[in-house]
Amino acid sequence: MAHGSRQVGLPTWVFVPAAAGALFVVLPLAAILTRVEWSDFFSLITSDSSVDALQLSLRTSSVSTLLCVVFGVPMAMVLARTSFRGQQLMRSLVLLPLVLPPVVGGIALLYTFGRRGLLGHTFEVLGIEVAFSTTAVVLAQTFVALPFLVVSLEGALRTAGGRYEAVASTLGARPTTVFRRVTLPLVLPGLVSGAVLSFARALGEFGATITFAGSLQGVTRTLPLEIYLQRESDADAAVALSLVLVIVAVVVIGLARGRGEI
Amino acid sequence: MKRWVLGAAVLLLSTAACGSGESSGSEESKTLTVYAAASLSSSFEEIGKQFEADHEGVKVKFSFGGSSDLVAQIQQGAPADVFASADTKNMDKATADDLVEGDPVDFASNTLEIAVPPDNPAGVASLEDLAKPATKVVVCAAEVPCGAATQGVQDASGVTIKPVSEEQSVTDVLNKVTSGEADAGLVYVTDVEAAGDKVKGITFPESSEVVNTYPIGALADSKDKDLAQEFVDLVTGDAGQKVLADAGFAKP
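Line order of the protein sequences matches chains A and B.
When the letters of the first sequence are read in order and numbered with this note's numbering, they come out as residues 1 to 262.
When the letters of the second sequence are read in order and numbered with this note's numbering, they come out as residues 1001 to 1252.
Read the hints as simulated data drawn from the structure, not as lab findings.
Remember, predicted model here, so these are calculated numbers, not experimental data.
Cβ atoms here follow ideal geometry from the backbone N, Cα and C, with glycine treated the same way.
One should not assume that every hint holds.
[Said to hold, decoys possible] Among chain A residues calculated to face chain B with C-beta under 10 Å, some are:
1. Arg221
2. Leu225
3. Gln230
[To be verified] Think about it this way: if two alpha-carbon atoms lie no more than 16 Å apart in a straight line, the pair counts; the simulated EDC-like pairs of lysine to aspartate or glutamate are:
4. B:Lys1093 <-> A:Asp52
5. B:Lys1030 <-> B:Asp1226
6. B:Lys1030 <-> B:Glu1230
7. B:Lys1225 <-> B:Glu1101
8. B:Lys1200 <-> B:Asp1119
9. B:Lys1089 <-> A:Asp234
Please build the complete structure, drawing on both the sequences and the hints.
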């Protein structure tokens, strides 16, 4: 009766590695706090270059997340609700940026969208300049963040199952109506958590951006790039900005948790 | 299962604890650790081979990177025997903290050169050409030594470059040029030399306004200061100078 609901006690030894693991994550974050020059903190994070970098990061990450949703939702639906030859392979390929070092992604993007890349000439004819533009930053961020949305939404879709969709369909609802009225509300928490993960990944993007987009204040120099550059000359500013990025990340995760997911 | 997890945890902790305890070896095999600016990598590897050939049982290990990164690591107690910086500013940081044994010696110098893709699509021929709005120019950020030199050249010549990107390092600038993303980049003479036929170098007279001097010194915390000094002597001596000259470095 109460079999499933009673909490099963954990073996005590579990707590030792669990605590060590937690400490391993928390301690470096605490170490940042100890190194912040609090007297200069505000002036360091409100300098022109810092504000530009934070604004650019928030702007590009938002656009990237939007693109992830626009392309990722259909991709997750195709992967979760259909079956076709080569689907397994397709899934692996789509999720590849998850495990690829970002710098490799940057090189791949360079040879695709760069001026001398596969599509570079096409873009030039269309009058779109990708090289060294904010567009390049968004492309880099979308490339690395898209799999996060696909993987979490596909999981949500599979868990939800197709029963309600089948019922709606037999009651005469057209596929688009089924998607809008049944599927979407059902997997909304999964979609939100996927979008939040994508946003967080885009916000932290460094390797692909520096390889592919370059680094110029207000155009392509996002917060992680600014932190990396400040390290060269002003370690205090780098630490202060790192803390800002940590805070933004905590707020984003907190917001998502508040919505009851992740 | 239980034992396996515990074993893994112990392993993890012990590797974390002993990571810094690298010894410089016994009498028979010694390791000399040299921290050197990234632009020195190919020359120093060659000099290192000569050093190993001259000193039986000695292994020369290099850590190449941005000079400011390297000096920060040395300040944090990294186990280095020799430090070669790409500018005097970063060497001064090391001497100010009494990390260098004796006085550092200038052993080479480097000036800027324009690098363009082999087909030179923007037709760059002079420093002024880099100021043209249609030319996509990539430079180093002012925070790193090559960027400071770029700023110095602009100040001295009165030419104002509007770069499309300010990169973190010379390598990043060079990559943007070799991949054809940028029409031109400002890098060191030695970088153009090292890139071979992947880029074309264009010298400009204003480059002599800013000369980067490379100092080298044995470090005070070295476990074998005599050996460290011998490496410094090799670099500053005829054999080392020849290798550096072949790579495009000028005399200090």
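| said: Hint Gln230 of chain A vs chain B: min CB-CB distance below 10 Å? | reply: holds, 7 Å
| Cut-off 10 Å, beta-carbon criterion: hint that Arg221 of chain A touches chain B | holds, 8 Å
| query | Can the hint on Leu225 of chain A be confirmed by a CB-to-CB distance to chain B that is less than 10 Å? | reply | holds, 8 Å
| query | Within a Cα-Cα threshold of 16 Å, do Lys1030 of chain B and Glu1230 of chain B meet the stated pairing? | reply | Holds. Lys1030 of chain B to Glu1230 of chain B sits at ~14 Å (cutoff 16 Å).
| request: Take the C-alpha atoms of Lys1225 of chain B and Glu1101 of chain B, compute the straight-line distance between them, and say whether it is at most 16 Å. | output: Measuring from Cα to Cα gives roughly 8 Å; hence the hint holds.
| message | So if I understand the rule, the pair passes when the alpha-carbon distance is 16 Å or less; does Lys1089 of chain B with Asp234 of chain A pass? | response | holds, 14 Å
| query | Quick one, are Lys1200 of chain B and Asp1119 of chain B close enough, alpha carbons at most 16 Å? | reply | Answer holds: Lys1200 of chain B to Asp1119 of chain B is near 8 Å, not above 16 Å.
| said: Given the hinted pair Lys1030 of chain B and Asp1226 of chain B, is their Cα-Cα distance within 16 Å? | reply: holds, 12 Å
| message | For Lys1093 of chain B and Asp52 of chain A, compute the direct alpha-carbon distance and say whether it is at most 16 Å. | response | Between Lys1093 of chain B and Asp52 of chain A the Cα gap is close to 30 Å, so the pair fails against 16 Å, i.e. violated.
Going down the numbered hints, you'll see the structure goes against just number 4.
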